[in-house]
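*Asks:* Residue numbers (the working numbering), protein chains in the order written: chain X, 1 to 246; chain V, 1001 to 1495.
Just so you know, these hints were derived from the structure itself, not from any lab. None of these values were measured; they are calculated from a predicted model. Please note: incorrect hints may appear among the correct ones.
[Unchecked claim] With a straight-line Cα cutoff of 20 angstroms, these simulated DMTMM-like cross-link-like pairs (lysine to aspartate or glutamate) come out:
id	chain 1	residue 1	chain 2	residue 2
1	V	LYS1056	V	ASP1039
2	X	LYS183	V	GLU1412
3	V	LYS1048	X	ASP171
4	X	LYS67	X	ASP17
5	X	LYS183	V	GLU1373
6	V	LYS1048	X	ASP201
7	X	LYS67	X	ASP96
[To be verified] One side only, chain V facing chain X, incomplete, derived with CB under 8 angstroms:
id	residue
8	TRP1067
9	ALA1182
10	VAL1348
11	VAL1403
12	THR1482
The beta-carbon is built from N, C-alpha and C at its ideal position, and this holds for glycine as well.
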Amino acid sequence: MRIALFVTCLADTLFPDAGRATVRLLERLGHQVEFPAAQTCCGQMHVNTGYLHDALPLVRHYAEVFKDCEAIVVPSGSCTGSIRHQHAMVARRYGDEALARRAEAVAARTYELSELLVDVLGVEDVGAYYPHRVTYHPTCHSLRLLRVGDRPLRLLRNVAGIDLVELPDADTCCGFGGTFAVKNADTSTAMLADKMRSVLDTQAEVCTAGDSSCLMHIGGGLTRLRAGTRTVHLAQILASAPEGAR
Amino acid sequence: MSRDTRAVTFLGLPTAPRGVGHLRGAEPFPVAARRALADTQLRRNLGKATRTIRAKRAAVVGELPDWEELRDAGQAIKSETMAHLDRYLEQLEASVTARGGVVHWARDATEANRIVVDLVRATGAAEAVKVKSIVTDEIGLNDALAAAGITAHETDLAELIVQLGHDRPSHILVPAIHRNRAEIRDIFLREMADVDPGLTDSPAALTEAARMYLRRRFLSAKVGISGANFAIAETGTLCVVESEGNGRMCLTLPDTLITVMGIEKILPGWEDLGVFMQLLPRSSTGERMNPYTSMWTGVTPGDGPQQFHLVLLDNGRTAALADQTGRQALHCIRCSACLNVCPVYERVGGHAYGSVYPGPIGAVLSPLLTGVEDNASLPYASSLCGACYDACPVKIDIPSLLVHLRARHVDEVADTRRVPSPEAVTMAAAAWVMASPARYEAGQRVGRLGRLLGRGGRIRRLPPPLSAWTAARDAPEPPAQTFRQWWRAEHGDTR
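The following block holds chain X by itself, in its conformation from the complex (with noise of 0.2 angstroms):
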C-alpha cells in the first residue's frame, strides 16, 4: 500500500534516524512510501502552550497537504494525539467548520507507527533483529490518548535477538510535556530522574519509545550523567536486520 510519511519536525530537524527507520521498515515490508515535501509541522507546541491562533496556520498546512494521502504514519505518539484531538478543536475554537471537518477526515487517515503495522498492514512480526537488552517506555500520549496499548511490545516481541525487559513504573510521564520542561524545568528534572532510576534499574543499554520527544528527554538525561544506557526511537528497532536481509 502507499503510505504518506509525516516524519514530524523534531525527527527532520534533529533525528532523521527515526524518518528514515521508518521508511526502511515499511519498504521491507513490501510498501511503497511517499514523503509530502511541503509538510512542516502539526502544531502541537503552539497548541500545548495555549497558542492555539498561532496553531490555526499549521492545522490548515496538515489538513492541505496530507488530504490526498490514503494512509499517513507518523512516528510519533503525541504528534498524532495533536493531530487526532487538538487539529478540529483548534478550527472549531476560530470558527472554521469546514477546516475542522477536514482536518477530521485527515486525522482518521493518520496513524501512529505501531497503530499502522498491526492495525493497518495486520503484521506483528516485522522481521527485525536487534541483540541487545531494551527497555520500552509507553509514552503519555500513546498510551492515554491514543490508547496503543500493547502494540508496541507485541511488535518488540517478535523482534529476534532482543532481550526484552519490563519497565518499572512504566506508565509514569517522564517529565518532558513540551515546553512544560523548561516553564517548569525543576519539576520536569525530577520526574527525570525517578524515569531514569526506573530506566537504569532494568540494566538495559537501550531505552526505546515511540517518540523522539520524550526520547530526547530521557536521552538527555541519560548521557548527561554518562549513565551507559541509551535511546533509541521503535521504529530504528524494527527497521534492524541481519547484514544484508531484506
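Put chain V on the given structure of chain X with help from the hints.
*Replies:* This is chain V only, laid out in the frame that chain X set:
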C-alpha cells in the same frame, strides 16, 4: 481570521474576591515547586503515601466490571445538573426550608464568612467544632471566626494536625499527607496541653491522643460547622462522607449546625446519590464503601441540631459555569484521585499550588474561580500526561481544560500588553516559519548552526530560555543532514 472570534465570553461574572480565603498562592508555581522539590522528607512522605493510595484505588476500581459505565453515569448526572443549576438550587432552597432549615445565599467568600460569623454570634457561643471541609478553607472561615473572637476546632485528624501545626492543608482528602508519624508526634507534644509526654509515634497512640483531645470539644460544642459532599434538591437532604466518625459527632451533638456548600454540590434526586456513593469511596480512599455517611434533612424535633443553616456559596462558580469548556471542572466531587496519580503533585506536593485545591483539578479549578490572571502559572503546572483524566470518576478532561486555560491566559495577555511578550513573539515567529515549507527549511539551516555548540553529538549548554533545559539535560546536536535532505538525495524531489 481575527482573534475576536474566540469561543468564549465571560459576561463579566464576578470571580472569587482577592484578599480573603485561600485560592491564590503568594508566588508562582515554578518558584514554590522548586522549594518543595528540595524538601527530601516531603518527597519521601508524598511518594510513599500516593503510591499506597494509588495501589488501593487501582485494586478496588479493578473489581467493578461496570466502572466505565459508572463514570459515564456520574458525568451525565453532573452535566445535567449544571445545565439546570438555577432550577435545582431553587428546588433545594424550597425543600430545605420546608423541613425547617434556613437557607442563605452568599455571592462570595466575604459574604459567606459574614453570614457564618453572625450565625455563630447569635448563639452566644465562642467555639465551634468543624467537620473537615475544603470549602470553608477556600473562604478562610477559620480566620474570619478568629477575628470575631470565635475559636474553630478542626476535628478531622489530618485537619487537626494541620491546625495544630499552624500549617496549610496540602491534599484534598488527606490534608496532612506531607507529614509523617514522627512529625505528627512532635506537633502533638508541642501543641496539646495535657498530652502524655511519653507519647510514641505509633498510629494507635497518636489516634488515641487525638481522640482524648477532641472528645472534650465534641461534648461541649454548641455549634457545628460542616461542608457538604452532596445535597439532594428533591428532598433537601444534605450528605457528608467521612471516615473517622468525627463528622457524625459534629453533625449530631451541637444544637446549631451550619453547613457551607458550593452551589455545584447539588444532585437532582435521591437515586443519583447511588452512583456517587459507588464512585467516591473507591476513587478517594480506595475503599469499597464509605465508613461514615451522614445524611440529614432540615431539623428533626428532639433529635440532633435544632437549628440548621445552609449557606450556598458562589465565590466564582458562576463565572466558571459561564466558561463553556471550563465548566466541567465544577463536576469535581473532591475525591483526589487525580492528585494521587499526578506525577507533578507526587513530587511537589499541595502547597506549591498555593490554593486549597491542589493537583490537576486545582490547576484548573483555582484559575476558573479566581480568574486566570490571578493563578496564571497553574494551568502550566502539568506535563499533560493525562493520568488525571483516566482516574477521574466523573471523566473531567483535565488535560484539555489545562490547554484551554493556557489559551485563555495567552489571549488575555495579548489583550492587555501593548508590546507582545517574548514568548508570544517566539511562538508567532515559529508559526510563521512552520506555515511555509521554504521558510521551514531555511529555519532548519539556521538551526544547524547549533552544530557549532555540540561535542560528541550532544550540546551541554544553550542560551536562555533553553538553558533551563540544559541545566540538567543534554540537548541533541543537529545532524549533518536533515531527514528531508536525505530523502531528496535518495528519491529526488518527488512532490
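*Asks:* Does each hint fit the structure? Answer for all of them.
*Replies:* Hints and how they fare:
For the proposed pair V:LYS1056 and V:ASP1039, the alpha carbon gap of about 26 angstroms is over 20 angstroms, so the pair is violated. Distance check on the hinted pair: X:LYS183 and V:GLU1412 sit about 19 angstroms apart at the alpha-carbon level, within 20 angstroms; holds. At roughly 17 angstroms between alpha-carbon atoms, V:LYS1048 and X:ASP171 fall within 20 angstroms of each other, so this suggested pair holds. With a C-alpha separation of about 26 angstroms, the suggested pairing of X:LYS67 with X:ASP17 is violated against the 20 angstroms cut-off.
At most 20 angstroms may separate the alpha-carbon atoms for a hinted pair to count; X:LYS183 and V:GLU1373 meet this at roughly 17 angstroms. Distance restraint check for V:LYS1048 and X:ASP201: the Cα-Cα separation of roughly 19 angstroms lies within the 20 angstroms cut-off, and the hinted pair is therefore satisfied. Using a Cα cut-off of 20 angstroms, the hinted pair X:LYS67 and X:ASP96 holds, with the two alpha carbons roughly 17 angstroms apart. A cut of 8 angstroms between beta carbons decides the hint on V:TRP1067: the least distance to chain X is about 16 angstroms, and the hint is violated.
Given hint, V:ALA1182 at the interface with chain X, is violated; its Cβ is 24 angstroms from that chain's nearest Cβ, farther than 8 angstroms. Proximity of V:VAL1348 to chain X holds as hinted, the smallest CB-CB distance being about 6 angstroms (cut-off 8 angstroms). Interface restraint check for V:VAL1403: the shortest CB-CB distance to chain X comes to about 6 angstroms, inside 8 angstroms, so the restraint holds. Here the hint on V:THR1482 is kept, as its CB sits about 5 angstroms from the closest CB of chain X, short of 8 angstroms.
Hint violations for this structure: numbers 1, 4, 8, 9, all remaining hints satisfied.
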